[in-house]
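Asks: Here is how the chains run, residue by residue.
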Amino acid sequence: KAGVTQTPRYLIKTRGQQVTLSCSPISGHRSVSWYQQTPGQGLQFLFEYFSETQRNKGNFPGRFSGRQFSNSRSEMNVSTLELGDSALYLCASSPESAGTPAFGSGTQLSVL
Amino acid sequence: DAKTTQPNSMESNEEEPVHLPCNHSTISGTDYIHWYRQLPSQGPEYVIHGLTSNVNNRMASLAIAEDRKSSTLILHRATLRDAAVYYCILSARETSYDKVIFGPGTSLSVIP
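If you read the protein sequences in the order shown, they are chains A and B.
Here the first sequence is numbered in this note's numbering, starting from 777 and rising by one per residue.
Here the second sequence is numbered in this note's numbering, starting from -11 and rising by one per residue.
Just chain A, with the same shape it has in the complex (with noise of 0.2 Å):
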């Protein structure tokens, strides 16, 4: 069974540009969330989406924004990029009724 998939794995921008990251979860799991990971902050929770409709938001600005789409694949994005936004980014993805999220590899974005 594959595994979470993230794609792209590395990425440089630069700052007021726009970015679009992807996720394909496991076969079956319906639910994905996506994470920030930078070393000052730790690992800090985005958003969830579950059926196409975002069910749980963290404390991000609006700039951050996200969809699923109805293969369960989904996608976020930053708008007007920032140097703080530099991070890992990390999708998981969870059946709904049990078992506990998986990881992927995450997306490196270097906003510079």
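Note that these hints are calculated values from the structure, not bench results.
Every value quoted in this text rests on a predicted model; they were computed, and no experiment measured them.
Among the clues, some could well be false.
Stated by the list, open to error - Result set (DSBU-like, lysine-lysine): computed pairs, CA atoms no more than 35 Å apart in a straight line: (1) K57/B x K789/A; (2) K(-9)/B x K833/A; (3) K789/A x K833/A.
Claimed, not checked - Have a look at the derived ranges for each label pair, beta carbon to beta carbon: (4) Y786/A x E3/B: 31 to 37 Å; (5) N853/A x E3/B: 45 to 51 Å; (6) Q794/A x R46/B: 41 to 47 Å; (7) I788/A x N11/B: 37 to 43 Å; (8) S(-3)/B x Q817/A: 15 to 21 Å; (9) S(-3)/B x P837/A: 31 to 37 Å; (10) P28/B x P784/A: 33 to 39 Å; (11) T856/A x D55/B: 46 to 52 Å.
The C-beta atom is built at its ideal place from N, Cα and C for all residues, glycine as well.
Got chain A sorted already, so can you dock chain B onto it with the hints?
Replies: Below, chain B alone, put in the same frame as chain A:
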């Protein structure tokens, strides 16, 4: 969600048991205790989780104090591949970590 505290770092000799402690004195009655580990350049990997009783799986054992205010992750025979950052987190939901903050975790070094 309640907060956890862990030692910043620990060392172990290869093939010896390792006991990684976690304090969670403000845990609520319905919080699950989860352990994840993260190797460099990878996403967190699920290790084990429990609610009240001690748990065992092929990776590790989880010992939960009777008052649930602390827990210990036990690696029975440390190998070099166990060198990672170990996170102890609490979540009211078994299948999602919304609003959960992963702290800095414990960085485990394994000495050959």
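Asks: Please go over all the hints and tell whether each is borne out by the structure.
Replies: These are the hints, each one checked on the structure:
1. With a C-alpha separation of about 44 Å, the suggested pair K57/B and K789/A falls outside the 35 Å cut-off, and the hint is violated.
2. A hinted pair counts as satisfied when its Cα atoms are at most 35 Å apart, and K(-9)/B with K833/A qualifies at roughly 19 Å.
3. Distance check on the hinted pair: K789/A and K833/A sit about 25 Å apart at the alpha-carbon level, within 35 Å; holds.
4. The beta-carbon spacing between Y786/A and E3/B, approximately 36 Å, falls within the hinted interval of 31 to 37 Å.
5. Between N853/A and E3/B the Cβ separation comes to about 47 Å, which falls inside the hinted range of 45 to 51 Å.
6. Between Q794/A and R46/B the C-beta distance comes to about 43 Å, which sits within the given range of 41 to 47 Å.
7. At roughly 40 Å, the beta-carbon separation of I788/A and N11/B lies within the given 37 to 43 Å, and the hint holds.
8. Distance hint check for S(-3)/B and Q817/A: the Cβ-Cβ separation is about 19 Å, which falls inside the suggested range of 15 to 21 Å.
9. A hinted range of 31 to 37 Å holds for the C-beta pair S(-3)/B and P837/A, which are about 33 Å apart.
10. Take P28/B and P784/A: their Cβ atoms lie about 19 Å apart, and the range 33 to 39 Å is violated.
11. Between T856/A and D55/B the C-beta distance comes to about 48 Å, which sits within the given range of 46 to 52 Å.
Going down the numbered hints, you'll see the structure goes against 1, 10, while the others check out.
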